[in-house]
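Can you build the whole structure from these sequences, using the hints too?
Chains as they are written, first to last, in numbering that gives the first Met the number 0: chain L, 0 to 339; chain X, 0 to 339.
Accuracy of the hints is not assured; some may be wrong.
No distinction is drawn between identical chains; accordingly, a pair holds when it is met within one copy or between any pair of copies.
[To be verified] Using 25 Å as the maximum straight-line C-alpha spacing, the simulated SDA-like pairs for lysine to any residue come out as follows:
#, residue 1, residue 2
1, K49, G162
2, K225, D211
3, K165, G97
4, K75, P316
5, K49, A269
6, K202, V214
7, K225, D88
8, K165, D218
9, K225, D319
10, K225, R95
11, K49, F276
12, K225, R16
13, K165, E215
14, K225, P107
15, K225, N104
For the record, the hints were derived by calculation from the structure and aren't laboratory data.
There are 2 protein chains.
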Amino acid sequence: MRGVVLNGPGDVGVVDREDPRIVEPTDAIIKVTAACVCGSDLWPYRGVQKSTGPAPMGHEYVGVVEQVGGQVTRVKPGDFVVGSFFASDDTCEICRAGYQSRCVNAQPLGAIGTQAQYARIPLADGTLVATPGMPDADIVPSLLAASDVLGTGWFGAVAAEVGPGKTVAVVGDGAVGLLGVLAARRLGAERIVIFSRHADRQKLAAEYGATDVIVERGDEGVALLKEMTGGLGAHSVIEAVGTQESMMQAIRSTRPGGHVGYVGVAHGVAIPGDELFFSGVHLHGGPAPVRRFLPELVDLIWDRRIDPGKVFDLTLPLEDAAEGYRAMDERRAIKTLLIP
Amino acid sequence: MRGVVLNGPGDVGVVDREDPRIVEPTDAIIKVTAACVCGSDLWPYRGVQKSTGPAPMGHEYVGVVEQVGGQVTRVKPGDFVVGSFFASDDTCEICRAGYQSRCVNAQPLGAIGTQAQYARIPLADGTLVATPGMPDADIVPSLLAASDVLGTGWFGAVAAEVGPGKTVAVVGDGAVGLLGVLAARRLGAERIVIFSRHADRQKLAAEYGATDVIVERGDEGVALLKEMTGGLGAHSVIEAVGTQESMMQAIRSTRPGGHVGYVGVAHGVAIPGDELFFSGVHLHGGPAPVRRFLPELVDLIWDRRIDPGKVFDLTLPLEDAAEGYRAMDERRAIKTLLIP
Chain L
0 MRGVVLNGPG DVGVVDREDP RIVEPTDAII KVTAACVCGS DLWPYRGVQK
50 STGPAPMGHE YVGVVEQVGG QVTRVKPGDF VVGSFFASDD TCEICRAGYQ
100 SRCVNAQPLG AIGTQAQYAR IPLADGTLVA TPGMPDADIV PSLLAASDVL
150 GTGWFGAVAA EVGPGKTVAV VGDGAVGLLG VLAARRLGAE RIVIFSRHAD
200 RQKLAAEYGA TDVIVERGDE GVALLKEMTG GLGAHSVIEA VGTQESMMQA
250 IRSTRPGGHV GYVGVAHGVA IPGDELFFSG VHLHGGPAPV RRFLPELVDL
300 IWDRRIDPGK VFDLTLPLED AAEGYRAMDE RRAIKTLLIP
Chain X
0 MRGVVLNGPG DVGVVDREDP RIVEPTDAII KVTAACVCGS DLWPYRGVQK
50 STGPAPMGHE YVGVVEQVGG QVTRVKPGDF VVGSFFASDD TCEICRAGYQ
100 SRCVNAQPLG AIGTQAQYAR IPLADGTLVA TPGMPDADIV PSLLAASDVL
150 GTGWFGAVAA EVGPGKTVAV VGDGAVGLLG VLAARRLGAE RIVIFSRHAD
200 RQKLAAEYGA TDVIVERGDE GVALLKEMTG GLGAHSVIEA VGTQESMMQA
250 IRSTRPGGHV GYVGVAHGVA IPGDELFFSG VHLHGGPAPV RRFLPELVDL
300 IWDRRIDPGK VFDLTLPLED AAEGYRAMDE RRAIKTLLIP
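This is the structure:
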């Protein structure tokens, strides 16, 4: 089969890779209908995160089950499925508490590489959620978004305790931040402020429910947010970048007793304990337990009540993956969908 | 009046200070019945936190109202009162959300110095809680504990989302940690593990409801806690020290999705973002909003259902404050009560 590999910083290739096969009786093999490039794929692409190439890439996917191992009972060949970017058994104590991305048997799909024609999904019963039938083509991007970027934005909003009557701020106008806006709207937020300097992203944020835009960053942005909120800061802040600056901006944007939901994969972040202490905020986040939210998100998409697929503003054949990475790196695209 | 001052690291004096008087119409003057030395007073005493002496000391207090300003309506001369270590109006949006220590008009009592015969309490209506009558002498230490150390341990437990069926770990066996144990027991924890190397503190922890003791610290202590909890870690961890080591021990002791409640005043702490991210824990804490809990805590003490005053294992006249500090610094005492 054909699949994407990262040979080194800035060097994306599409190569022949061995067809996946069932290894464990809990595995499923899927034919990938659509995959995509994640903001977190840009960390190794940019060389910020070390990688030893050629490394298979991709951890987001929707597809059709081709084959299942002997112990798989909840999905069957022919099912259209969405899965999380972490395989999880969905039965351990951590999964049952809703933290499937930290399942005691968790396996990252990134190691498997779903930017490919086929993929082996471990722990298929715990990981995959079948849709009610074969989806219409127009909702495939949205179902794909549920696999990570929507689930991650959703978790950011849940971790930030977004709810009715609250003012929410979103740090980061990438796909996760934008879908954090969508989640905040669905979860009943009264006011949703996005920090964004890009007109196209501001526009999509408004479509998803943002009520205000702040163009300024850092402490200047924080000061403007405080002005909007009677000097107090937001009740809930979604951090969707993962840098020192974005994390501090999120903490400083939150009122005492408020909640920061951080879902940007942290790189080079060190949170000063004394500032955190006196901020009085709640901090929660990490790799989103997408599986917790998948059944609900699939339903919302199936019923066309949300349209997270709009974050894909570039669709390319798998063979053109290199251009898909480049466009995101250069911010020409919010998010690239790849068709194997 | 007589009052304690810190002249410099290790140099505690008891000197003549000006009698406090009503400055704002929202002030009250109290005659201090009992005050005490806080673990956080040891930071400047040890020179870890800079101070410019001579600085008035003390922020915990119970006493009898002597005089009130013209706008004070909820307490009156003759009332026995307990107050938080932060004065708060108890009416602003932050107070109403339960974060009185971060009230928009918050004033730290530490700047006033309650280790003295009298003290001016700002925002008396919002800060002070009157007891149902004059307390018997035996519960005065417990009421004094409510002013900070009990309220802080209680907040640590609440911030760590302690509740029925949960396993709780407590990092720190000082007075706050010990009262974190008491709070965890009252809040229904199933199992309470205290990290402690001191026999006397282990004993008091057991009296307060600890079910297990771990003598080891750091990663060795974490490994033992994980062994006790099926490899997962505790649901709730109370951090009651404020060092880098204690904070990391707390985070590492918590299972994914679990809660760290940190109440040790952070000194020199920097939390690595990547480790925090992948830990999947909730972090919450800071200066305890003691005022939120005071009515409940005063009731529990008044009815003799809890006995937090046991943490005072040394009682001295105010004039002997220097020895009170020394005894805590050298760990000869858990906590020193001072009688003006």
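A quick look at each hint next to the structure:
When the C-alpha separation of K49 and G162 is checked against a cutoff of 25 Å, the pair qualifies neither within a copy, at 38 Å, nor between copies, at 42 Å. Taking the closest pair of Cα atoms, K225 and D211 come within 25 Å of each other only inside a single copy of the chain (13 Å); across copies the shortest separation is 46 Å, beyond that limit. Taking the shortest alpha-carbon separations for K165 and G97, both the intra-copy value of 24 Å and the inter-copy value of 16 Å come in at or below 25 Å. Taking the shortest Cα distances, K75 and P316 never come within 25 Å of each other, neither inside one copy (27 Å) nor across copies (78 Å).
Both within a single protomer and between protomers do K49 and A269 lie at most 25 Å apart by alpha-carbon distance, with minima of 19 Å and 23 Å respectively. For a Cα distance limit of 25 Å, the shortest separation of K202 from V214 inside one copy, 13 Å, qualifies, whereas the shortest one across copies, 57 Å, does not. For the identical chains of this complex, K225 and D88 are inter-copy neighbours only, at 21 Å across copies versus 43 Å inside a copy, given an alpha-carbon limit of 25 Å. Taking the shortest alpha-carbon separations for K165 and D218, only the intra-copy value of 22 Å comes in at or below 25 Å, while the best inter-copy value is 39 Å.
For the identical chains of this complex, K225 and D319 are neighbours neither inside a copy (44 Å) nor across copies (47 Å), given an alpha-carbon limit of 25 Å. Only between protomers do K225 and R95 lie at most 25 Å apart by alpha-carbon distance; the minimum there is 19 Å, versus 38 Å within a single protomer. For a Cα distance limit of 25 Å, the shortest separation of K49 from F276 across copies, 18 Å, qualifies, whereas the shortest one inside one copy, 32 Å, does not. Taking the shortest Cα distances, K225 and R16 never come within 25 Å of each other, neither inside one copy (52 Å) nor across copies (40 Å).
In this homomeric assembly, K165 and E215 come within 25 Å of each other (Cα to Cα) only inside a single copy, at 22 Å, whereas the closest approach across copies is 43 Å. In the homo-oligomer, the alpha carbons of K225 and P107 lie at most 25 Å apart only across protomers (23 Å), although the nearest pairing inside one protomer, at 39 Å, exceeds that limit. Taking identical chains as interchangeable, the C-alpha atoms of K225 and N104 lie at most 25 Å apart only when they sit on different chains, with a minimum of 16 Å there against 43 Å within one chain.
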